[in-house]
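Novice: Spelled out, the chains give:
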Amino acid sequence: RKEVEQDPGPFNVPEGATVAFNCTYSNSASQSFFWYRQDCRKEPKLLMSVYSSGNEDGRFTAQLNRASQYISLLIRDSKLSDSATYLCVAERGNKLTFGTGTQLKVEL
Amino acid sequence: EPEVTQTPSHQVTQMGQEVILRCVPISNHLYFYWYRQILGQKVEFLVSFYNNEISEKSEIFDDQFSVERPDGSNFTLKIRSTKLEDSAMYFCASGPVLSYEQYFGPGTRLTVT
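Protein sequences appear in the order of chains A and B. In short: position in the first sequence from 1, add 54, done, that's our numbering. In short: position in the second sequence from 1, add 4, done, that's our numbering.
Because the hints were derived from the structure by calculation, they are not lab data. On a predicted model such as this, the values are computed, not experimentally measured, just so you know. For each residue, glycine too, the CB sits at the ideal point set by N, CA and C. Incorrect hints may appear among the rest.
Examples of chain B residues lying across from chain A (beta carbon under 7 Å, computed) [as the list claims (entries may be wrong)]:
#  : residue
1  : G44
2  : V47
3  : S52
4  : E60
5  : F65
6  : F69
7  : F95
8  : E105
9  : Q106
10 : F108
11 : P110
The whole structure should be built from the sequences, with the hints applied where relevant.
Specialist: Okay, here's the thing in structure tokens:
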């Protein structure tokens with residue numbers, strides 16, 4: 055079983071739509087969780103950390119469910135510039151384990 | 005906003021040659037990392053470095069690989085004898101104390117021919 059599992063997509067959505075990505079992780083010893091964004095052939099960029107209480111940053115909301123080992127990212131009011139690959143990441147002992155990413159394409 | 009920098013952006017080398025990839029982490033960060041991403045695949049952890057020593061390394065990071073912090077600013081990854089399968093994007097990352105967040109550089113694309 056993969057350590058971090060994501061639906062690869064692509065998710066094709068119209069501008070203004072709300073889209074949700076899900077991710078599961080297998081190692082219960084993972085301590086911290088993140089969503090990164092990666093544009094084609096560029097570096098991963100930290101989008102947000104994920105907390106059990108849920109956290110929001112503008113149009114982005116992340117949620118962690120430790121009991122189900124499940125992480126989510128919700129993007130509201132999608133913009134064309136949100137088109138990218140979204141990487142779910144688990145951290146343990148300062149080592150990041152990445153999922154394969156979910157591709158999002160926001161269209162006019 | 006401070007950022008991680010990496011040089012070169014693209015390196016082409018012949019199989020069996022040694023390469024050194026260079027990184028300048030964010031200045032007040034104390035944790036340093038190398039990751040790689042083979043085209044079309046996920047980002048994979050190679051090694052973490054703290055307090056002038058390796059704190060963890062993956063199975064990929066075999067005897068052909070080494071890391072060094074030769075001065076107060078640079079962090080390098082050396083591959084002693086490159087193989088075709090070492091072709092990938094190599095990302096350096098750094099992280100501050102008291103946080104597990106990691107910030108990535110723009111990467112070095114290594115092509116082994």
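Novice: Each hint should be assessed against the structure and marked as holding or not.
Specialist: Results of checking the hints against the structure:
1. G44: 10 Å, violated
2. V47: Hint on B/V47: holds, closest Cβ of chain A at ~4 Å, below 7 Å.
3. S52: Cβ of B/S52 sits 5 Å from chain A, so the hint holds.
4. E60: 6 Å, holds
5. F65: Constraint on B/F65 not satisfied, violated at 11 Å.
6. F69: 16 Å, violated
7. F95: 6 Å, holds
8. E105: 6 Å, holds
9. Q106: 6 Å, holds
10. F108: Holds. Min distance 4 Å.
11. P110: Holds. Min distance 5 Å.
Checked against the numbered hints above, the structure violates hints 1, 5, 6; every other hint is satisfied.
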